[in-house]
Amino acid sequence: MSVQRTAEPTLEAVRHAREAIEYCYERGWTDGLPVVPPAEEFVEEFLAVVDRDPDEVVIEQEHLGRKCTVRLAAANAVMAGCKPEYFPVVLAALEALNRLPGSRGLLQSTTGQAVFVVVNGPIRNQLGFNTKDNLFSPGDRPNATVGRAIRLVIMNALGIRPHEFDQSTHGQPGKFSLCIAENEEESPWDPLHVERGFARDESTVTVGLVRGTMQVEQRDSKEPEVILETIADSMSYAGTYFPTPRGHAGIVVMGPEHAQLIAEAGWSKARAREYLWEHFGRPAGLLRRLAKGALLDPSLPDDAFVRFAHSPETILIVVAGARNAGISTVCPTFIGQQVTVPIRMKSTSH
Amino acid sequence: MADAIRFEEQGVPAAAIITDAFRTTADAMAQTQGMPGYPYAVIPHPVSSLSPEEVRQRAEQVLPEVLRLLGIEEGVEEAEDERAADS
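Residue numbers (the numbering used here), protein chains in the order written: chain G, 68 to 417; chain Z, 41 to 127.
Note that these hints are calculated values from the structure, not bench results.
Residues on chain G that point at chain Z, a partial pick, calculated with CB under 8 Å:
| hint | residue |
| --- | --- |
| 1 | His130 |
| 2 | Leu131 |
| 3 | Gly132 |
| 4 | His230 |
| 5 | Glu231 |
| 6 | Phe232 |
| 7 | Gln234 |
Sample of chain Z residues with no beta-carbon within 10 Å of chain G, all distances over it, derived:
| hint | residue |
| --- | --- |
| 8 | Gln50 |
| 9 | Gly51 |
| 10 | Ala55 |
| 11 | Asp60 |
| 12 | Gly77 |
| 13 | Tyr78 |
| 14 | Val87 |
| 15 | Glu93 |
| 16 | Gln97 |
| 17 | Ala99 |
| 18 | Gln101 |
| 19 | Leu103 |
| 20 | Pro104 |
| 21 | Leu109 |
| 22 | Ile112 |
Even glycine gets a Cβ: it sits at the ideal position worked out from N, Cα and C.
Turn these sequences into a full structure, and let the hints guide you.
Structure representation (structure tokens):
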């Protein structure tokens, strides 16, 4: 189903729409951008595409006394500009976020965490998610509005708003919306959800928390070691590191050109991950000089390489973007876990 | 703040300490937890970059306020007496 529009709206209708948008601003429901007013009948359209009790809780923040029901999630998905058929993706992402270690507290953190959503499986193409050029950029409604719906739920339903419970020192643009879909068609490796035990024809969302997105430039080599070391170096900048016994983690959105060059040289995704892990770190001397050496063994020489992550499994690789340049993106994170959940479609609709 | 309020609800005296950069959040949390205006001790921001000695100084500075929040005013006098005796 989709939102029906029968004729060009009259000027009068547009004036009413603008008034309703202003009403939403006055109620404090927006992220600073206009929202679609969540009239009850619009919310009902969203509830109709899922087999869920509208009062079921999908995510909560117990310490804030706040819960988000399926109905509240639908209202926020309406406001975000989603089409009704996107709603199962929004719900799955909220369920994944609710199960993510660290989602109690980190959503309020000074560290400015954005919810990072990756969509896999056939639903990407059915709903028109962008997997290619301008992956992180404006322009594609599913990516833009599904990510935005998650943030509006966090602000409106969970009560984590700027200037109050959201204490981000800087935050980041990804907090408006950060939803991508894997470019499974141009990846030389198994997609993320298959790697995590789902069938290729299942659709999933994977959710993590990230501190930003940083592009990595390397189009002057086709050697896997050179490409991967460039990516690992970008994962390891001093400002991303702080001493923690939990270790660090990394999310790499690898451009198809990089992934294909690495695979053509005979490397599996696991081997690429292992190589990233080995080079994700900095020399002990640098860490000590920058007051980040608190956990280091004093006998460790200054030129010893300190790995930031405990194991290769803490590094997530997703292949996405256009196959037009040697560019990847690293997303700094210190959560070594992401949660993948299947997208549950209404039983009659498939 | 939430933890301190939970303790108070269970009848256990508690004192929350925050840095001055977190007043807004602390007040919002007190409101959310149903105890608007719940008092807390405030120390100057930042803390994480302090040396161990500077952290000790912060602790000493805030101690009387913490004792007051815990409802043991006498403790303050005793501590002050001891400090006076030491110096």
